[in-house]
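Please work from the sequences and hints to get the whole structure.
Chains as they are written, first to last, in the working numbering: chain A, 1 to 173; chain B, 1001 to 1245; chain C, 2001 to 2476.
It is possible that part of the hints are untrue.
To be verified - Some chain B residues judged to face chain C by a derived CB distance under 10 Å, without partners named:
no., residue
1, 1044
2, 1045
3, 1069
4, 1080
5, 1089
6, 1118
7, 1119
8, 1123
9, 1140
10, 1144
11, 1158
12, 1223
13, 1224
14, 1226
In short, the hints are calculated from the structure, not lab data. The model shown is predicted, which means the values in this text are computed figures rather than measured ones. Note that the Cβ used here is the ideal one computed from N, Cα and C, for glycine as well.
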Amino acid sequence: MDELKTLLAVFADIDPAAQAIDKLRELGVKDEQMNVISGIPVTEAMLGRPRQWSNVPRLALGGTAAGFLLGLFLATTPLLYPYYVGGQSLVPLPPSIVVIFEMTMLGMLIATFLGVFLDSTFPSYTPKEYVPEISDGKIAVLFACPVGAEAKFSQAMSAIGAESVKPAEAVHL
Amino acid sequence: MDLVKMAKGEEEQQGKWGMIIDQDLCTGCQACVTACAMENNISYVGEDDAAYGRSMHWIRIERFWEGSYPDVKATSFQPVGCQQCGKAPCEPVCPVMATQHSEAEQINLQVYNRCIGTRYCANNCPYQARTFNWRDWERPSPLDNQLNPDVTVRRRGVMEKCTFCIQRIQRVEDVAKSEGREIFDGEVTPACAQACPADAIVFGRLDDPESRVSKLTKSSRNTIMLEDLGTLPRVSFLVGGANHD
Amino acid sequence: MTEMTSSLPHAGQHQEDLRVEHLMLDPKPRGEMNAMVMDSMLTTSWKFWVISIFLSLVTAICLFGAWGYLIANGMGVAGINRPAYWGIFIVNTVFWIGISHAGTFVSALLRVFKAEFRRPFTRAAELMTTFGLVQAGLSIFFHVGRVWLAYWMFPFPNQRGLWPSFHSPLEWDFLAINTYLLASTMYLFLPLIPDVAMARDRSTGWRKPLYRILALGFRGTEGEWTHLRTAMNIFAFAILPVMFSVHTIVSWDFAAAMRPGWSSTIFGPYFVVGALHSGVAAVAMVLVVIRATMKNMKYFLRPEHFDAIGKLMLIISMAWAYFYFNDYIVQWYGGDKWTKILMDFQEGGPMNSIWFTMLICNIVIPWMFLWNKKVRRTPWAMFVIGLFINIGMWCERFVIIPMSLTINRMPFTWRMYKPGIEVPLGIGTLAFFILLYMIASRLIPLVPVWEVQEGQMAHSLRKFGKETVVTVSDLE
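So, in structure tokens, the structure goes:
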């Protein structure tokens, strides 16, 4: 296997980017060796890429369960601290519903938020492959090409309409 | 002291304390108000604050009249303090449990140290029996010599109300326990009952059918204030007797 | 974006009108929009600084100074008494929580309903939520008698066996408002990440490390976008029940109490709609100010947005009137003596001007003006109407809280409420809100550019018969 080098091709629009991905597959680059970085969310289907899975919904579900248990616990703590007020029972149902609901929602939302951090490994301040044009709405395709074949790939990308093709450098963001 | 047992009322039932106020005997002299202030270290707020509805008195004499002198029609005087409700609306609304039901004495407790001053209990009391320490009022010497050592003083930001002179109840209970006997009827007198010259306030155990207060509750003149609210108060009033039109 | 041109001769003019009218049909290159947003964030005039310094002084004196005075001297310096144990502090608390609901409404409810006009101002509205909740929290702390012990409402294990009471609506408030504050701050932050990444790429000087840290290393990879959008979808749906529950629980502070006029079963939905009423009106006010004072905002905020918000304001005003009348007619009909006395006091008593102001500002003014498209599309008119609505909603809470507390079942205790230090403290919270907003407008990009571009990509024109119509695609 040849040594591989990562190149970065920047496109201005979705259609050229999708064509580029097809072309790269033709040239033998596997899907796992490609990455797409964009300034607007383009779904994988638009570019013909395999679907990206996310753990966020599962984490949200877990957080919901954790929140529910916390709410259940809080609502039943009067059994440990039994003080009677207002002629109500120690664990009255309507206030317990309120407490359980709020804690369930809190669990769900905090887990969702932290799930984004976990899945995307935020925060991460190490140098990464990136070019600032991406936040100007461009779509960058990162791909691995064998050393020595950069010119061929570069030409192929430019023919489809890449604004620039250069070696991907890991920069401090 | 087992907190759990106490809360469940499994400590020896100290008794269900209650009070009855005979409005036909009440002369409106305000001796009860004064005695209560003396006994419970109540602050003196001054004229301006009192006029603005901030007097700290735990019991107040309500009077209503119409007409002007000499053709005045008046109701009987109504002393109103904490009704020590069985289903107290002030209790469940406190976020920090500063007011609770005493399962032992069957009255409503106010825990000064715990109160953070949200004043929800005062809003929810249908009898408006609770008072709030709006400021730290001064007690210039030698007024501070009059303080009752059995009762704490409250600082600003804390709610307070009539406690049925719980310090007197507990002292009598302690004495009775050490002497190995039951409490006699009439042994506990709160300050207001003690001071009343007309003997209009009677205090005792409602669960003792022989006590004076129990017998008086069977009178046809016995009524409960705002009864339809279902607060089950331990204070009732004798009204509508022959002395009034 | 693809644009299908028609072959009809006047089609060009029609499309030009559409382009001027609709932000979504007037796309600019993303780089240009980024530059516009950065420019508006970085530009400050001398007026900005003068106003900021003035507001800082007002905040320092009327908020923190007066609060220190209140803590040192006790609640006696406020106007509360028996029977009005709750006064303007609680009015302000409910008012600010109401304002904060606007943000969630715009950013979550409109997102769920795919209302495209929300795109340029979701962040401006979400900022109102966070800062409004700060003011609400401050107002509650003003109101607590021993505020240095307010942390006792938090359930933490301790050796004294003390625990808060979950029977209390105030404790539910504590849980709900904290949940909402955390949730809305997280919901503000998630869509902000890509825009802060953009700001990071275009900043120099002291801003660059700030945005670098806030951007968390976001680049825009497929994974990052997927996780972000999944989370935003979950948030949009989940934060709606939280929003509804928060103001419902706030309303239960009153409805659970045993006071004439308060124990009304309709308070839950009534308060939620009331919150939306004042909140959406406040959004309109804030957007007018942003559009008038910040560079390039006239591109992003157009008369079409005020038109849409104005329609919402009208509908919500009708909903509010429906709930208010519901509450009113059953109390009027019911025959309960104390409720009747309370209603007479509200309508004919010494403070009845506040009750009238409430009705005029909440119902008459919106119904008189907001049906008119020209009025809705005029920003300064929307500001004035929004201001009246907020005044009306403040009066509504004043009627419900101190005015209703004056009448209870013990006439001997009835006494009028006269505000004291609540007035400067209320002014202080308003100044603090505006100050925080002004600072935020120059620290983070106010317009979610990536969402605007996403919307512009989704909009196109196509021919439908002989008509050129706007088409919105669902790109998710």
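So, going through the hints one by one against the coordinates:
1. 1044: violated (14 Å)
2. 1045: holds (9 Å)
3. 1069: violated (20 Å)
4. 1080: This hint holds: residue 1080 of chain B lies near chain C, its Cβ roughly 7 Å from the closest one there, short of 10 Å.
5. 1089: holds (5 Å)
6. 1118: holds (6 Å)
7. 1119: Since chain C brings a Cβ to about 4 Å from residue 1119 of chain B, closer than 10 Å, the hint holds.
8. 1123: Holds. Min distance 5 Å.
9. 1140: violated (18 Å)
10. 1144: At about 19 Å, which exceeds the 10 Å cut-off, the nearest Cβ of chain C leaves the hint on residue 1144 of chain B violated.
11. 1158: holds (7 Å)
12. 1223: violated (15 Å)
13. 1224: With Cβ-Cβ at 13 Å, over 10 Å, it is violated.
14. 1226: holds (6 Å)
Violated hints, listed in ascending order, are 1, 3, 9, 10, 12, 13; each of the other numbered hints is respected by the structure.
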